[in-house]
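Number of protein chains: 2
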Amino acid sequence: MAEKKWVYLFNELDKAIEYVGGDWDKVRGLLGGKGANLAEMTRIGVPVPPFFTVTTEACNAYQAEGKFPAGMWEQALAALKEVENAAGKKFGDPSNPLLVSCRSGAKFSMPGMMDTVLNIGLNDETAEGMVKLTGNDRFVYDSYRRLIQMFGSVVMGLPDEAFEDVLEEFKKEKGAKVDTDLSAEQLKELTGKFKAVVRREMGFDFPQDPLEQMKLATEAVFKSWNGKRAVDYRRATNIPDDLGTAVNIVAMVFGNMGWDSGTGVAFTRDPSTGERKLYGGYLLNAQGEDVVAGIRNTEPIENLEKELKPAYDQFIEICKKLELHYKDLQDVEFTIERGRLWMLQTRSGKRTARAAVKAAVDMVNEGLITKEEAILRVTPDQVDTLLHPQFDSSVIKEAKKAGRFFCSGVNASPGAAVGRIYFDADLAEKKHKEEGQDVIMVRPFTKPDDVHGMLASKGILTSEGGATSHAAVVARQFGVPCVVGASSVRIDLDKRLMEANGVVVHEGEWVSLDGGTGEVFTGKLALTVPSLEEQKDLLTLLEWADEYCAKPGIRQGASGPTVGLQVWANADYPKDAQRARSYGAKGIGLCRTEHMFFEPERLPIVQRMILAKTSEERTAALDELLPYQRADFEGLFEAMTGLPVIIRLIDPPLHEFLPSAEELQAQITAKRLSGDGLSSFVLGRGELKEVVELEKLLKAVEAMHESNPMMGLRGIRLSIVMPEIVEMQVRAIFEAAANVKLAGKDPHPEVMIPLTGHVNELKVIQPRLVEIARHVMEEKKVTFEYKFGTMIEIPRAAVTAAEIAEVAEFFSFGTNDLTQMTFGYSRDDAERSFLVKYVENGILPKNPFQTLDKDGVGRLMRMAVEDGRATRPSLEVGICGEHGGDPASIDFCHTIGQNYVSCSPFRVPVARLAAAHAALKYATGKQNTDK
Amino acid sequence: MAEKKWVYLFNELDKAIEYVGGDWDKVRGLLGGKGANLAEMTRIGVPVPPFFTVTTEACNAYQAEGKFPAGMWEQALAALKEVENAAGKKFGDPSNPLLVSCRSGAKFSMPGMMDTVLNIGLNDETAEGMVKLTGNDRFVYDSYRRLIQMFGSVVMGLPDEAFEDVLEEFKKEKGAKVDTDLSAEQLKELTGKFKAVVRREMGFDFPQDPLEQMKLATEAVFKSWNGKRAVDYRRATNIPDDLGTAVNIVAMVFGNMGWDSGTGVAFTRDPSTGERKLYGGYLLNAQGEDVVAGIRNTEPIENLEKELKPAYDQFIEICKKLELHYKDLQDVEFTIERGRLWMLQTRSGKRTARAAVKAAVDMVNEGLITKEEAILRVTPDQVDTLLHPQFDSSVIKEAKKAGRFFCSGVNASPGAAVGRIYFDADLAEKKHKEEGQDVIMVRPFTKPDDVHGMLASKGILTSEGGATSHAAVVARQFGVPCVVGASSVRIDLDKRLMEANGVVVHEGEWVSLDGGTGEVFTGKLALTVPSLEEQKDLLTLLEWADEYCAKPGIRQGASGPTVGLQVWANADYPKDAQRARSYGAKGIGLCRTEHMFFEPERLPIVQRMILAKTSEERTAALDELLPYQRADFEGLFEAMTGLPVIIRLIDPPLHEFLPSAEELQAQITAKRLSGDGLSSFVLGRGELKEVVELEKLLKAVEAMHESNPMMGLRGIRLSIVMPEIVEMQVRAIFEAAANVKLAGKDPHPEVMIPLTGHVNELKVIQPRLVEIARHVMEEKKVTFEYKFGTMIEIPRAAVTAAEIAEVAEFFSFGTNDLTQMTFGYSRDDAERSFLVKYVENGILPKNPFQTLDKDGVGRLMRMAVEDGRATRPSLEVGICGEHGGDPASIDFCHTIGQNYVSCSPFRVPVARLAAAHAALKYATGKQNTDK
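From first to last, the protein sequence lines are chains A and B.
Quick note on numbering: the first sequence equals residues 1 to 931 in the working numbering.
Quick note on numbering: the second sequence equals residues 1 to 931 in the working numbering.
So here's chain A without its partners, still in its complex pose (with noise of 0.2 angstroms):
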């Protein structure tokens, strides 16, 4: 059997893609990417040092045996060789002295986390030999003592300011302000000191032998990889630890050999607007690590025209070549070493949101890729931040250094807001729709009855709640900042003032708040508003990624998904359904009717209805309320005109919708010590009245108490109780819709019942509704499409769900109440007690009501969807939960075939993107494996 190949020649690639079986992603992980890189450009002509590299299973080998594996050496000393051949210099030699770098390269760029060491082969007699080869003295010295200090940190493990400590003295005794204004007699008296710093401190002197540094540099880089920040970065960026890292032994090449060399970094194209001009810097008579660490100020890489016209020619040249070679924004460093031009690295370059997307649809343009690589290039992430405002890092920087800093909390609905701060709903709402402000309501939580203020709120804080709280999800819904859970906090109802760490904010005063990285800061921060309509290169790229998500046609289960998901919007009001269609929503998947009662003129009205003895008192009140939901749902179909539109019939709990028995009961005690805070017998008669009907409504509340109001009698369960609620929604709906229809529009109701368990119920219920539909269609002479379905969100829906199609027209997962019940948790008390720990500790991979479970929620999921479409091929399936907005929850709805997903109308150009992505990534089978 052959010698496993542990190291690869900078002409090898072929041998390396060969033995990993053809897959680039492989030969990343085998050379690393720098190493892969290297050896794609050294193929494609672009001028790259010699160099060798020694594979990432070389360094797995050698973390598990703790030495090199047999062999690895022998075939470095090889390749050594022929490195020396193609530079046409020797390693140890002083007459003709080869140099070389060490340098790390992982699969995945670990920017700083590990060791590099370079001008290795320097010792006393090649710097002497270089002297003559050269005629530089000045450089030579200025390298070997550069080499003693990185390898005294990297190699031998000594702090900086062992050398850095001596520099300084040095060169305050020599009078020298930086670095270059030591002669190269001083560099050389500075080397010897350096050396003598590593003997005080190892007992041992800088080894001369070239390959004893050659091979401690490799070591070093290798045990680099456990490092605790090689280790902490992986933990945060999610790279597997099993990787490994290569090592790149690379022949020197030197920009620091006088004011015809040079070194510089650049990106092929702007990456923070992704304008398509070069973008970089250089230095002349400089190493790399100089731009790098900054500590010299670079020139803009246009000037090196002026100063080097033949190198800046066959680089541009380069950059071109290599942005068509990978089809891609580079990031490539380079060196110059007396006029010649040396590649030393090229990457994919990192860029802002705006960049990506502006470099993917040019770059379609310039038909340099194709729409399905450009959708690819922008992630989900970068579109959601380019849709909420901003506080530019500057500006956050300024707050934070002028002590403006004032809380921080979780990070429930990204954007940046400023104004005025109002502790409750009805002052907020008062104070934005009567005098304009901009207003930041400040609760310690929110409730069903704080909308109105939240809506007109620019953004929300509160002390208390987790990620999926009341607050949380409302804002997220309603795309407004929010930061929850500040815990921080503590707000002072009476006093009407907030105060953290000292600082307090009174109502009325401005703060700004970033709910994307859940700060607040006292007063007024500057703020970026971006809009989808001015963001003609996001509008472009997100028509392309329609043509992968939006086409129609129903989905053929888990097993062969041909079409991808459409995007659909939950949205109450008719506003919010047009933003979702300007957002390019494609249908309503959840139309909440309670919102609808919540309004302050027609909760009193909801109150009797729930209040009433009779069906007739019922019936009387609901007939009070039709004509508000006839209104809302017109509104609704007008604006989806001929796009469908789920509406859910009633979903919570009547006890919502009144005020809670605490309440009532600080009211009735109030009222009964009023006046002089004795007992009631000295109360007025209209107080005494007043006293007597609290006490009628807190025994009603007491009488509906539930003790788990999560699984009690709501949804269905209440309908089938009381039909006549929803008896009255669905006529409202269907008038809705004939009125709509009259008008000319193109309406496509399909009504949702919640909280299905069992087929039965939807048997007691639908065929009720469906004859009110009929009927109205019948009374309106007009007829139209419609549909009834059910949400599936108890998990014995998922499980029956066979039966459950029978009947139902269509699926729709709420996997907010789906996830609550199939894990046992419930949402707010868990976010506030185990779960946040859970997340933590790594319990729970991710927050479950962030993410959609897959191995538990999801295997439900597929169930039904899978089980439900055997009992009705034509199923419809969606999901309207708030993982609908999730990309990584899309792309799992995507494999198991749904029909679309339906999220917050602010995340659909979002979610179309994450669609677009599922759709193309099991379509080529082609998995995004970059970081």
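FYI, nobody ran anything at the bench for these hints, they're computed from the structure.
Selected chain B positions facing chain A (Cβ under 7 angstroms, derived; list incomplete):
no., residue
1, V721
2, I794
3, V799
4, D829
5, F834
6, G856
Here are the simulated BS3-like cross-link-like pairs (lysine-lysine), alpha carbons at most 27 angstroms apart as the crow flies:
no., chain 1, residue 1, chain 2, residue 2
7, B, K846, A, K763
8, B, K495, A, K699
9, B, K5, B, K223
10, A, K671, B, K699
11, A, K696, B, K495
12, B, K350, B, K321
13, A, K447, B, K699
14, B, K763, A, K854
15, A, K846, B, K763
Here the structure is a predicted model, which is why all the values come from computation and not from measurement.
Even glycine gets a Cβ: it sits at the ideal position worked out from N, Cα and C.
Based on the hints, put chain B in the right spot on chain A.
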């Protein structure tokens, strides 16, 4: 194609068997139970009058078409010819008339639910002919007037009063007290009057054509299948509507042809005791309905020997023959016509639970049936009946007559109880302990800290709550008879009385409560108290059952269970374990450790532990609890030496161990208002301190508040946040096991972790606990086998069982919570609001908290067993939810391949029989379809 056969003659049983493919059950389906049995008696040589049967298929065809199916009537006429030949008489022939009865007979007996007409074929001519033939004009006109009345009622739908009124007036007129006082001439006259009734009421004459009589009677029987009575009965007994009834046309034989004639019914063994002696009654010179209707008092069957010895001897022989043939206690009807015995019916006799057991065991000893057959002859419900104290039905009847019925509620825990009522747990316990009173605790509802009172009570009555409320669950668990949700009862805790329907019962007064029927009576009713030890036959039967259900061995998944389920018991205390063992439990499937925390001397320590500010304080309190827990466990392990004991670690949320916020608030208010009713500043220092303490406690309780505590911080979640408690518990378990082992016993501890939803939870906790277990064994220098496992009670746990089985060594289905979360029902809330309606309206076929929901919860369980065993083939799987004692649920547990079911000690005998039933049913492929 041959015409379909609608009619089978008395000697065509083989044709019927052939037609249905040899399945006796289907023969009964085709010919009805009565027809099939008559044909079988004919075949084995028992004297049966000639007859033919019109099939249930004809009935169904009639229901569908509204008329007899083509060919049926012709086949009936042909069959009638054969009956004529066999009887030697001719239908409608005055010179030798054949009379027939027309009797319904469905697959399952529906006694009294459908119609029968006797004496068909009599008309003015044949009546005269019969008089000539028999010389018995009294008999003939008695028969004729009966025919007219029956025909009028059954076929024509006339009310019985139409005839009865005429009869009464006629008797008065003639000075006759009873029917038999009427002379032949008078009966003839009465016949004329009855014919006049028909003419008057119907507008036409009673039909004189015998074939018309037969035709109309047959149609009437068919129609009676869909009569209200029959439909209601089928609803109540779950008999399908599409079975249809057969019609039997049977040659009449007459027990009313003189004093050498008679008729009677008998059981081949005593149906109330099971004793092997003929039991029944007869009447001479009477027709069958006289016996059935109880119009005349019958003579004991043994007296017949003196009166008609040859017929009696023949009857004895036939009874023996029938028992031998059917191998079961028979319920027979016979008629003796002029000394000749005819059998008119035989069927499996209804019997009491006691008789069922005795007869089954006796028949095995007599060699009549096998042990397997004996086991299948007794239902689990019958075993249940035999184990609880009972009121005899006569006692109940009398009490109702005497107006002592008080109220009724949900029959939550079977058994009868008599005691004095007390309205709180402390008083109930005190009266029982200190005064030895028999106590019945009455509460609106119960809570965990009422348990000591419940345990001291003979019975429990609540006005609120459903079949799985706290009171119901605890009562069943401890075998205390219990009626819950008696909503007509108003409990006045201040006046210490309860009131229902105007009757008031004061504290300390006697009531009698039947937990099996849900009825409550005032005063003391006489009790019948059975005991398992004394019921030798039952003990024998259960030992036989154990041969099928208690074999050790690992079950192999759902596909092929080869051994039956073991029966284990849920027991928290040593005395429960002892009882469970004496009742035949093969292990403890659930010991709930938290019950131990509620005992009065421990609760303060528990509360101190919960409120601890530091881990040290907490550990100190736990150190105090450790000896208590260890002692509890020692008792358990001793009682169960040699058998497994599963101990569940702490499950409920901690706030259950603290007073409620309402309670505390009330105490604080009371204290503040004490003295002069004004504010707190006038409180004494001691009182002030108390208030401060209470307010601290209140704050802690409020901080623990959860909106859905069912789904909150409890079980393993609590253990991850606060591991000290379970660490103490595991130490106590293993110290106890070690001590017991060192004392020479054989402990088998299995530690059960509740509420797992993700395998990572177990991965965090279980290793820590195993470490403690090992450590204790090292300390004590002793080893024994143990297991660590988990409850499967969260839907996600069932869905991801494959992963959970990587860590857990056993699964125990907690089907109470699993049902709650799979359905999304909060048990107590649901039973109070919609669940009752759901079950009543058939939306749910059963209350899923009483009988496992196979389609939903059961599907998850099946997944869990299959996936869990795929990971760990040796996985031990059981159930410890309440369903473990429910026969239908036990059947399901068998089919999915569980190892054991665990239930309340009192249900162990029931479960043993149910487990054996399941084992036999699936081993032989037999399904017990008898009703």
